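Chemist: The residues making up each chain are set out below.
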Amino acid sequence: MRLRYFSGIAVLVALTLLLPLFFPVSLVGRLSDTISRHILWEIRLPLILTALFAGGVLAGGGLSFQALFRNPLATPYTLGISSGAAFGAVVFIVFIHPGGSGAAVPVFAFAGALCSAMLVMSFTFRKRMVSSETILLAGVAVNFLFASVIMFSQYVAAQYEVFQITRWLLGGIGGAGPLSVVLTGLAFIGLMTALLWLAPGLNLSTLGDDMAASRGLDVRRFKLVVITLVSAAVAITIAFTGPIGFVGIVVPHMVRLKMGTAEHRRLVPMTMVAGGLMLAVCDTIGRTVLFPVTVPTGVVTALIGAPFFLWLLSRRSTLER
Amino acid sequence: MLTIRQLCYQHILKSIDFTAKSGEFIGIVGPNGSGKTTLLKCVAGILRGFSGGIEMDGQGSAVLSSRQIARLVSYVPQIVETVIPFTVIEFLRLSRFPYQGMTTRQVRVPDFDSVLQQMGVLHLKHRQVASLSGGELQRVLVTAALAQETPIVLLDEPTSHLDPLRAGEFVETLASLKNEGRHLFLMVSHNAEEMTRLCDRIVGLSGGEKKGEFAPEFLFDPASRSLIYGNGEGGHG
Numbered sequence: 001m002r003l004r005y006f007s008g009i010a011v012l013v014a015l016t017l018l019l020p021l022f023f024p025v026s027l028v029g030r031l032s033d034t035i036s037r038h039i040l041w042e043i044r045l046p047l048i049l050t051a052l053f054a055g056g057v058l059a060g061g062g063l064s065f066q067a068l069f070r071n072p073l074a075t076p077y078t079l080g081i082s083s084g085a086a087f088g089a090v091v092f093i094v095f096i097h098p099g100g101s102g103a104a105v106p107v108f109a110f111a112g113a114l115c116s117a118m119l120v121m122s123f124t125f126r127k128r129m130v131s132s133e134t135i136l137l138a139g140v141a142v143n144f145l146f147a148s149v150i151m152f153s154q155y156v157a158a159q160y161e162v163f164q165i166t167r168w169l170l171g172g173i174g175g176a177g178p179l180s181v182v183l184t185g186l187a188f189i190g191l192m193t194a195l196l197w198l199a200p201g202l203n204l205s206t207l208g209d210d211m212a213a214s215r216g217l218d219v220r221r222f223k224l225v226v227i228t229l230v231s232a233a234v235a236i237t238i239a240f241t242g243p244i245g246f247v248g249i250v251v252p253h254m255v256r257l258k259m260g261t262a263e264h265r266r267l268v269p270m271t272m273v274a275g276g277l278m279l280a281v282c283d284t285i286g287r288t289v290l291f292p293v294t295v296p297t298g299v300v301t302a303l304i305g306a307p308f309f310l311w312l313l314s315r316r317s318t319l320e321r
Numbered sequence: 001m002l003t004i005r006q007l008c009y010q011h012i013l014k015s016i017d018f019t020a021k022s023g024e025f026i027g028i029v030g031p032n033g034s035g036k037t038t039l040l041k042c043v044a045g046i047l048r049g050f051s052g053g054i055e056m057d058g059q060g061s062a063v064l065s066s067r068q069i070a071r072l073v074s075y076v077p078q079i080v081e082t083v084i085p086f087t088v089i090e091f092l093r094l095s096r097f098p099y100q101g102m103t104t105r106q107v108r109v110p111d112f113d114s115v116l117q118q119m120g121v122l123h124l125k126h127r128q129v130a131s132l133s134g135g136e137l138q139r140v141l142v143t144a145a146l147a148q149e150t151p152i153v154l155l156d157e158p159t160s161h162l163d164p165l166r167a168g169e170f171v172e173t174l175a176s177l178k179n180e181g182r183h184l185f186l187m188v189s190h191n192a193e194e195m196t197r198l199c200d201r202i203v204g205l206s207g208g209e210k211k212g213e214f215a216p217e218f219l220f221d222p223a224s225r226s227l228i229y230g231n232g233e234g235g236h237g
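In order, the protein sequence lines correspond to chains A and B. Residues in the first sequence are numbered from 1 upward in steps of one, following my numbering. Residues in the second sequence are numbered from 1 upward in steps of one, following my numbering.
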């Protein structure tokens, strides 16, 4: 059983890693040529690896937030981290380096993401007990705050900057390279290790604060640890990918349904691998369907994710009667 | 075993004192809003911002970690508002958290079968908790508390959602647990009959203050009931 499970994952990952060889245009039989080799190794492979790692981090973040807040609608962006990152990117595009190149955008996006996470935590973790509702509402408020600043910036920005902002907000793995592979890879491995270690606490969190506390979980500290870890990992990935939607909310639900368990020691690795596969496949689809034009990854994940999510909601409402 | 000294919590509990020892079954009565559940939550380590002292096994609970408290006290909540997304056996494993630490290694795999048997729910071992009836769920919640292997067990209105027959059977199971004499039970309840069946003594709370300790029979005496519940009973208030 366990062997089948792991070999199944291994085969899927291997197949995904072969995608760059065939899409958007097949390089099979052309690898003797330096340009083709360059395209494969320097462009497509970094892209697919970044997508795998980023998708994994987003799905792992969604899984842990859904357990932590006992809310099926929670995503890694629930606490405002995506609008924080967007705010950082917009500050750079409009105010710091108007109309210039976007090489430093990830740095600013990362800083903005961290700002939003710290803002939410500094307002909610002052008291001894922090209810999930309070944290979620603080996240909503921070989301609105940054969103309004972004809209204001777009209003005053020049046309080309507005285009750049919109393009960033769509989400997509644009400038993938060795740096994005290494950093998102570290975020992926770090988050997977941490979440596996925290899995018993995530299991307890799904019971609610009282039952978790009476079984010995320091609920406040646990929330603080999980939010910090997820925010850090998501901030790193979002800096490179922009706010790609739906991977973080849909993949945990798919994996939970498929595996039929709420045991996080099993859910964490499967969800993170599935999230990576989904993002890698969606990114490949986005690069292939309108080739040579690239459809932003965020659009593809949403096009696939939104209908699924609606179906999930309709299922959920029938379960609730 | 358990000593509570001048326990205050916000404006809900006002200087509660009492002591209890292993093997005892203590009932806690009082009108709605008198602080019964808050008292249990303070003892269970769920609410930690209290003043005064809660001592268990000679240790003050304020200096104990959440996990250390969970090795001494288990808690059966009044209403389970969340859907528990686990099977019964998975749910019981969560009770071992205080002994595992964050690492996933089990120090010792306990025999859940014997506690399941004891609570009469062995046949439900692999069922989803969410699919259980109210009576089954209540038994599984107590089984989980026993699986936590704590000297103190707290029960918050465990029979309030059960029909009279299930409640009666449930009380008999609790009585057999009591006869083992291994635990100290604190139970909140409004049911005078089950309190008389189970309890050695009753602590009366009203408005967050302790009104006294009584024999369980006291609950059938109208004069003494009005001491705790006020004179409003029967619509004369």
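These aren't lab readings, by the way, just hints derived from the structure by calculation. All values derive from a computational prediction rather than experimental measurement. No residue lacks a Cβ here, since even glycine has one placed at the ideal position from N, Cα and C. Worth double-checking, as some hints may not be accurate.
Selected chain B positions facing chain A (Cβ under 8 Å, derived; list incomplete) [said to hold, decoys possible]:
no.: 1; residue: Ala62
no.: 2; residue: Ile79
no.: 3; residue: Glu90
Straight-line alpha carbon distances no greater than 27 Å define the calculated BS3-like cross-link-like pairs of lysine-lysine that follow [what the hints assert, rightly or not]:
no.: 4; chain 1: B; residue 1: Lys211; chain 2: B; residue 2: Lys125
no.: 5; chain 1: B; residue 1: Lys125; chain 2: B; residue 2: Lys21
no.: 6; chain 1: B; residue 1: Lys178; chain 2: B; residue 2: Lys211
no.: 7; chain 1: B; residue 1: Lys211; chain 2: B; residue 2: Lys21
no.: 8; chain 1: B; residue 1: Lys125; chain 2: A; residue 2: Lys258
no.: 9; chain 1: B; residue 1: Lys14; chain 2: A; residue 2: Lys127
What the simulated footprint calls covered on chain B by chain A, stretch by stretch (three residues with Cβ under 8 Å from a Cβ of chain A suffice, anywhere in the stretch; the number is not a length) [said to hold, decoys possible]:
no.: 10; stretch: 91 to 99
no.: 11; stretch: 130 to 140
no.: 12; stretch: 191 to 201
no.: 13; stretch: 213 to 219
Chemist: For every hint, state whether the structure bears it out.
Modeler: Tested hints:
1. Using the Cβ-Cβ criterion of 8 Å, the hint placing B:Ala62 at the interface with chain A is not satisfied: the shortest such distance is roughly 12 Å.
2. The closest approach between the C-beta of B:Ile79 and any C-beta of chain A is roughly 10 Å, which is over the 8 Å cut-off, so the hint fails.
3. Here the hint on B:Glu90 is kept, as its CB sits about 6 Å from the closest CB of chain A, short of 8 Å.
4. A distance of roughly 42 Å separates the Cα atoms of B:Lys211 and B:Lys125; the hinted pair therefore is violated under the 27 Å criterion.
5. Distance hint between B:Lys125 and B:Lys21 is unfulfilled; the C-alpha atoms sit about 32 Å from each other, more than 27 Å.
6. A hinted pair counts as satisfied when its Cα atoms are at most 27 Å apart, and B:Lys178 with B:Lys211 qualifies at roughly 25 Å.
7. Taken as a hint, the B:Lys211 and B:Lys21 pair is honoured in the structure, with Cα atoms around 20 Å apart against an allowance of 27 Å.
8. Proposed proximity of B:Lys125 and A:Lys258 is supported: the alpha carbons are some 22 Å apart, at most 27 Å.
9. The suggested pairing of B:Lys14 with A:Lys127 holds, with an alpha-carbon distance near 22 Å, which does not exceed 27 Å.
10. Under the rule that three or more residues need a Cβ within less than 8 Å of chain A, the assignment of the stretch 91 to 99 of chain B holds, with 4 such residues.
11. Only when three residues or more bring their CB closer than 8 Å to a CB of chain A does the claim for the stretch 130 to 140 of chain B stand; here the count is 0, and the claim is violated.
12. Taking a C-beta to C-beta cut-off of 8 Å, the stretch 191 to 201 of chain B contributes 0 residues in contact with chain A, too few for the three needed, and the coverage statement is violated.
13. Judged by the Cβ-Cβ criterion of 8 Å, the stretch 213 to 219 of chain B is not covered by chain A as claimed, because only 0 of its residues qualify and three are needed.
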